[in-house]
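Chain residues, written in single-letter form:
Protein chains: 2
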Amino acid sequence: MALRIGVVGFGTVGQSVARRLLDTPDPRVRLLRVCGRANGRERPAWLPRSVGWTTDFDALLAPDIDVVVELVGGIQPARSWLHRALIAGKSVVTANKQLVAEHGQELLALAARQQRTFRFEGAVAGGVPVVRAVEDGLAGDRLLGITGILNGTCNYILSRIERAGIPFDEALREAQELGYAEADPTADVDGFDARAKLAILCAIAFGVRVRTSDIECGSIASVTPDDFLRAGRHGCTIRQIASAERTEDGVVACVKPTLVPLDGPFARASGAQNVVAVRGELGGETVFTGQGAGGNPTAVAVLSDLFAVARRELSSVPAPAAAGAARKRGLALVPKYA
Amino acid sequence: MALRIGVVGFGTVGQSVARRLLDTPDPRVRLLRVCGRANGRERPAWLPRSVGWTTDFDALLAPDIDVVVELVGGIQPARSWLHRALIAGKSVVTANKQLVAEHGQELLALAARQQRTFRFEGAVAGGVPVVRAVEDGLAGDRLLGITGILNGTCNYILSRIERAGIPFDEALREAQELGYAEADPTADVDGFDARAKLAILCAIAFGVRVRTSDIECGSIASVTPDDFLRAGRHGCTIRQIASAERTEDGVVACVKPTLVPLDGPFARASGAQNVVAVRGELGGETVFTGQGAGGNPTAVAVLSDLFAVARRELSSVPAPAAAGAARKRGLALVPKYA
Chain A
903 MALRIGVVGF GTVGQSVARR LLDTPDPRVR LLRVCGRANG RERPAWLPRS VGWTTDFDAL
963 LAPDIDVVVE LVGGIQPARS WLHRALIAGK SVVTANKQLV AEHGQELLAL AARQQRTFRF
1023 EGAVAGGVPV VRAVEDGLAG DRLLGITGIL NGTCNYILSR IERAGIPFDE ALREAQELGY
1083 AEADPTADVD GFDARAKLAI LCAIAFGVRV RTSDIECGSI ASVTPDDFLR AGRHGCTIRQ
1143 IASAERTEDG VVACVKPTLV PLDGPFARAS GAQNVVAVRG ELGGETVFTG QGAGGNPTAV
1203 AVLSDLFAVA RRELSSVPAP AAAGAARKRG LALVPKYA
Chain B
903 MALRIGVVGF GTVGQSVARR LLDTPDPRVR LLRVCGRANG RERPAWLPRS VGWTTDFDAL
963 LAPDIDVVVE LVGGIQPARS WLHRALIAGK SVVTANKQLV AEHGQELLAL AARQQRTFRF
1023 EGAVAGGVPV VRAVEDGLAG DRLLGITGIL NGTCNYILSR IERAGIPFDE ALREAQELGY
1083 AEADPTADVD GFDARAKLAI LCAIAFGVRV RTSDIECGSI ASVTPDDFLR AGRHGCTIRQ
1143 IASAERTEDG VVACVKPTLV PLDGPFARAS GAQNVVAVRG ELGGETVFTG QGAGGNPTAV
1203 AVLSDLFAVA RRELSSVPAP AAAGAARKRG LALVPKYA
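As you go down the protein sequences, you meet chains A and B in turn.
Counting with this note's numbering, you get residues 903 to 1240 for the letters of the first sequence.
Counting with this note's numbering, you get residues 903 to 1240 for the letters of the second sequence.
Derived from the structure by calculation, the hints contain no laboratory data.
Computed from a prediction, not measured in an experiment: that's the story for all the values here.
Here a beta-carbon is modelled for each residue, glycine too, at the ideal position from N, C-alpha and C.
One or more of the hints may lead you astray.
Unchecked claim - Per the computed footprint, the stretches of chain B lying under chain A, defined by three or more beta-carbons under 8 angstroms from a beta-carbon of chain A, are:
1. 964–977
2. 1202–1210
To be verified - Just the calculated beta-carbon pair ranges, DEER-fashion:
3. B:1183 x A:946: 54 to 62 angstroms
4. A:1086 x B:1128: 51 to 59 angstroms
5. B:914 x A:952: 37 to 45 angstroms
6. B:1084 x A:976: 55 to 63 angstroms
7. A:965 x B:1215: 25 to 33 angstroms
8. B:1084 x A:1069: 56 to 64 angstroms
9. A:1216 x B:985: 37 to 45 angstroms
10. A:946 x B:1137: 39 to 47 angstroms
11. A:991 x B:1080: 52 to 60 angstroms
12. A:930 x B:958: 22 to 30 angstroms
13. B:930 x A:1017: 50 to 58 angstroms
14. B:1128 x A:1088: 36 to 44 angstroms
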């Protein structure tokens, strides 16, 4: 039995997810239907006839879909769609950081009531599995702080100001020409993108809800080549750092351009690389680094979430291991966790 | 309802786990009984009377125990104990790398047949949640390679040879005096410790079983101060590196002293720090760094496993979120994944 999957949103990430679902030999996931946007894209030629194409989201609420994957982004209509999907008994996987930051709690609660799964690994740090590493792998610790580079666009712009000695405006224009920054760069440059991801991390790491509007944001637009020279004299460089600390009565969080030591993990992050350092009472500092954006890394997160849904919702009990049959050249397949 | 926990093994890790279980406010886990070794330790005074003390493992097979936590290490008697625990209907959490490397497959299969859980996050890289990050968080990728520093003792010895310019024997003696190396240092120095962890990572990342005896090991005992001088001339240093690559017909894996670039993540690992870099077809390189040994970091891994067992086996369905009641100073509790 396979999870029958409906995908809404067919941009870079949506297409990567579809290709990966079509490629994977794993029998637990099957791409059944794609919903492209009404105003847009034609059905691409590479999509096999076995996959349905629609521009009507309601087609993903049909009884033959088990999981809805939302890759459109933005609060609306995604929020209404995912409500309706959960109420229709679907599980939901999303990479939508704004939606999870603002309404993750309500969607998690609804999913729990519906006994469905709601997952969002792709919403933070792309392919770096920081959501489950923190929520599950560090669940045994009491986490005290998070520090991270969560926005690759700012990384690119800052490293151009640093290395080429050009002003912010020129570095931004370059990033836009190369497709690393949007026409409206506000979300990246002013920290709103990173703060949505930080709010999600706060919920997971500290178990408290931090409203995005309560997270102070500083823009990188005022950073100059001279700032880098001064930073360098102190053995530092400048990065857009998102940080949150547990305090006695809650959490203090902010996103802003920050001095970081040249020999530390943050200074070395380049391009779309994300870095998340988590500090725990018992475990000390644990650092996760990897590709924080892009179609393929985010598709890894989405697929991993789908396999997690499969583990939870496909009720197959693994057969006893047939050790003899599985051996080949001294290697035998190891059963994955049931 | 709580998971009732029996711990066997009361060394550094066992004591950290017990303290953390007694400290945690989480109602899902309850330390019920500890099995110290027959030839050894008295019941410690800090253990409250509510926790039973025994030197007979069979006391952990009683019907009032739900999960057995094994922290003794070594193949026997741990293997028989955990077989008996699974057959008695317990779930099992262990940090025993040799046992999981050699017999993880058989124990996982038995756990699946018994519909119980078998987890071993603490067996690899201590507090760094690399088992679940790889197995669960990168499940959506096809992993191609693993490179890691999995043994902190070797790290310490190599960095002493490098910085103090002393020969291996002297650095080893220092490490032994400081308690970083065992009286018999073979397992660490000759790579057997790291290769057991690498075998576990291969099973998780590639889904293939690699016998530890098939993993080539090179000792760090032959590394000299001169080797570091030569390495430095090429912008490198020397670390004990465990690596595995997926090949057409299986996996090639080895553990040996290796040149690593000074500006990369491996050169910077110090003391008990572990580093695991995983390379995926879609996600590129993802790096995990943190405390790879010690009582407290390993206790984080064990506790995290226990919470995973609780999520799976305690059948409580979360109540609808009482948003109003949970709010405090603008913060509201976020429900964890059900």
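Against the structure, the hints come out as follows:
1. 964–977: Three-residue rule not met by the stretch 964–977 of chain B, so violated; n is 0.
2. 1202–1210: holds (count 9)
3. B:1183 x A:946: 54 to 62 angstroms: Check failed, 21 angstroms falls outside 54 to 62 angstroms.
4. A:1086 x B:1128: 51 to 59 angstroms: holds (58 angstroms)
5. B:914 x A:952: 37 to 45 angstroms: Given about 56 angstroms between the Cβ atoms, the range is violated.
6. B:1084 x A:976: 55 to 63 angstroms: holds (57 angstroms)
7. A:965 x B:1215: 25 to 33 angstroms: holds (31 angstroms)
8. B:1084 x A:1069: 56 to 64 angstroms: Taking Cβ atoms as reference, residue 1084 of chain B and residue 1069 of chain A lie about 58 angstroms apart, which means the hint holds.
9. A:1216 x B:985: 37 to 45 angstroms: Given range 37 to 45 angstroms: violated, Cβ gap about 28 angstroms.
10. A:946 x B:1137: 39 to 47 angstroms: holds (46 angstroms)
11. A:991 x B:1080: 52 to 60 angstroms: For residue 991 of chain A and residue 1080 of chain B the Cβ distance comes to about 59 angstroms; the hint holds.
12. A:930 x B:958: 22 to 30 angstroms: At roughly 43 angstroms between Cβ atoms, residue 958 of chain B and residue 930 of chain A fall outside 22 to 30 angstroms, so the hint is violated.
13. B:930 x A:1017: 50 to 58 angstroms: violated (19 angstroms)
14. B:1128 x A:1088: 36 to 44 angstroms: Violated - the Cβ-Cβ distance for residue 1128 of chain B and residue 1088 of chain A, about 56 angstroms, lies outside 36 to 44 angstroms.
Violated hints for the displayed structure, listed by number in ascending order: 1, 3, 5, 9, 12, 13 and 14.
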